[in-house]
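Protein chains: 2
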Amino acid sequence: MTVKDEFEFISKIKPKEIFQDNLLVGIGDDAAIYRPAERMEQVACLDTMVEGIHFLKGLSSPYEIGYKALAINISDIAAMGGIPKYYLISIAIPNSWSEADLYGIYDGLNDIAAHFRIDLIGGDTVGTEDKLVISVTVLGEVEQSKLNLRSNAEPGDVVFTTGFLGDSAAGLSILLNENDKGNTEDETYLINRHKLPSPQVMTGRLITKLDRASLNDISDGLASELYEIAEASNVSIKIDESRIPISSALLNFKESPYEYALYGGEDFELVGTTSRDSWNILKRECEKCSIQITQIGEVVSGEAKVLLTRENETVLLEKSGYNHFKK
Amino acid sequence: MTVKDEFEFISKIKPKEIFQDNLLVGIGDDAAIYRPAERMEQVACLDTMVEGIHFLKGLSSPYEIGYKALAINISDIAAMGGIPKYYLISIAIPNSWSEADLYGIYDGLNDIAAHFRIDLIGGDTVGTEDKLVISVTVLGEVEQSKLNLRSNAEPGDVVFTTGFLGDSAAGLSILLNENDKGNTEDETYLINRHKLPSPQVMTGRLITKLDRASLNDISDGLASELYEIAEASNVSIKIDESRIPISSALLNFKESPYEYALYGGEDFELVGTTSRDSWNILKRECEKCSIQITQIGEVVSGEAKVLLTRENETVLLEKSGYNHFKK
Chain A
1 MTVKDEFEFI SKIKPKEIFQ DNLLVGIGDD AAIYRPAERM EQVACLDTMV
51 EGIHFLKGLS SPYEIGYKAL AINISDIAAM GGIPKYYLIS IAIPNSWSEA
101 DLYGIYDGLN DIAAHFRIDL IGGDTVGTED KLVISVTVLG EVEQSKLNLR
151 SNAEPGDVVF TTGFLGDSAA GLSILLNEND KGNTEDETYL INRHKLPSPQ
201 VMTGRLITKL DRASLNDISD GLASELYEIA EASNVSIKID ESRIPISSAL
251 LNFKESPYEY ALYGGEDFEL VGTTSRDSWN ILKRECEKCS IQITQIGEVV
301 SGEAKVLLTR ENETVLLEKS GYNHFKK
Chain B
1 MTVKDEFEFI SKIKPKEIFQ DNLLVGIGDD AAIYRPAERM EQVACLDTMV
51 EGIHFLKGLS SPYEIGYKAL AINISDIAAM GGIPKYYLIS IAIPNSWSEA
101 DLYGIYDGLN DIAAHFRIDL IGGDTVGTED KLVISVTVLG EVEQSKLNLR
151 SNAEPGDVVF TTGFLGDSAA GLSILLNEND KGNTEDETYL INRHKLPSPQ
201 VMTGRLITKL DRASLNDISD GLASELYEIA EASNVSIKID ESRIPISSAL
251 LNFKESPYEY ALYGGEDFEL VGTTSRDSWN ILKRECEKCS IQITQIGEVV
301 SGEAKVLLTR ENETVLLEKS GYNHFKK
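Going down the list, the sequences are from chains A and B.
Read in full-length UniProt numbering, the first sequence has 71 at position 71, and its numbers run on one by one without any break.
Read in full-length UniProt numbering, the second sequence has 307 at position 307, and its numbers run on one by one without any break.
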């Protein structure tokens, strides 16, 4: 499709409600302007989804594509312990997509934006010849000197993860399997975990209150994220396979679910490390908020690597990441 | 092309120098973190260029594509009177482009970023099947309460523009004309004005010191930008065609250059309005800095429209914008 009248289009997609009081100039001028909160750092990230690589048109609705494109960026802000505040969007849309498709994408964006009270402050929609490309920038804030860096892990730390892992990869596998279109409740749950991720902003905020933590969101699979922390912090990480949290839906779907949990990717849960004392505080705080968080291992001194204990045997975990639909 | 090792790739494109002291976490974690300067607002914009719409591979080198993608966003920050500080980049690159092409894009980005002392703080490079899509987000800062909004124009204001107008459209016309490949010095100048725009950051900063100004950058042609100001401010704008600044190269290239100046687009100069007193100050400040700035008309009360005086006749200017390669 081609947007015929840019100004009419902007007025249609312009949000009806502004969530952030500090937004001074939103959509409609050359750039947006907002006032940063006092004693807060600014957090910024950008992530792109491309049709055929990150999603397939037949398998995801425009709504789901928009929702996920913003969700994966909010997840990056969560992994820095930040509060998401604003977003900018770029959509390169092929002629084969309809105007209704485009508004569907914006509906998905608007819904998750409203949930997290984030304002759309800029961006553009342009025509392209072939594949849809959607890029989102999210801007947020985090308290000064509270950086949950990958390089913060220290020997003696507890290794933890939020939620259940491997669901998203199972959901994708169901979507890609033509004989199995997700008719059971478990399958629907797994597919939704793939299509509509839940960024762990609240957990990130609780972790920011700790004295020190390392933190990643799980976009490329638990193994890959743990290696990032191990390498950035120059420590060894030991995890216990049996402690990795697996949903009952995934257990019902697959007898050996750990491949999905370790290498599946796109869970958009958080994985991190913190001192034992801070872990006890965090666990209590998460319980109060009904947030599931699980200790899965510990940090030990040694070269940068990740070890996995499986049935009393400890093996070096293969360093491998999630590669979407790529071969 | 496909980026085989994301981490190796990031280490290759990671800037060798950091310009902004306030950058706390750059490329390499989930999101970037920086400290905003005190008593400054944050400015943010995002613009996308798509192969086949905004540039043609045969006519622009990867270097020029990268350079321009960042330049047009810096120009938006300039139009808000801001100082550009950081940028994030998303490149969806087709398999038919080589690794050298990709590094060429980054060379272009790096050069203009270094010129304006802007730090690359995030983004991603992903494969796509067909056309190159490049999205840039630029973040900057501007003094509190100094907003050069489109809606700021008032009757009695002087209408001004920086630099020369119409060069970029002439440069594009030369590029698109197979019989005329830009062999003269004038043609080279015009082509470079199209490919390597010069965002008017310094002029934007001078305008920010004025009590009040309306301001736009000229991306869609002078006529379209003037209409935006007239409509946002609900005023009439009268300009004198003979006062529109035309370069000698454009005069040599085309006997009647005003079509390009009014409707050509992509000049990335600034157009705005300010009170007569402020205009006198601005003119003097620009002279000191050897910045060309020209009065081209005035703001009068009346309905939102733009009038053009041409050879003692005043006509209603057609509201029309630049449409790249679109039909």
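Hints may be right or wrong, so weigh each one.
Any copy, or any two copies together, can satisfy a pair, since identical chains are not distinguished.
[Unchecked claim] Using 20 Å as the maximum straight-line C-alpha spacing, the simulated SDA-like pairs for lysine to any residue come out as follows:
#1 LYS14 with ALA100
#2 LYS319 with SER290
#3 LYS319 with LEU23
#4 LYS238 with THR309
#5 LYS209 with ARG276
#6 LYS283 with GLY26
#7 LYS254 with GLU241
To be clear, the hints were calculated from the coordinates, so they are not data collected in a lab.
Exercise for the section: Run the structure past the numbered hints and jot down the numbers of the failing ones, going up. Expected result: Hints 2, 3, 6 are the ones this structure does not satisfy, whereas the remaining hints hold.
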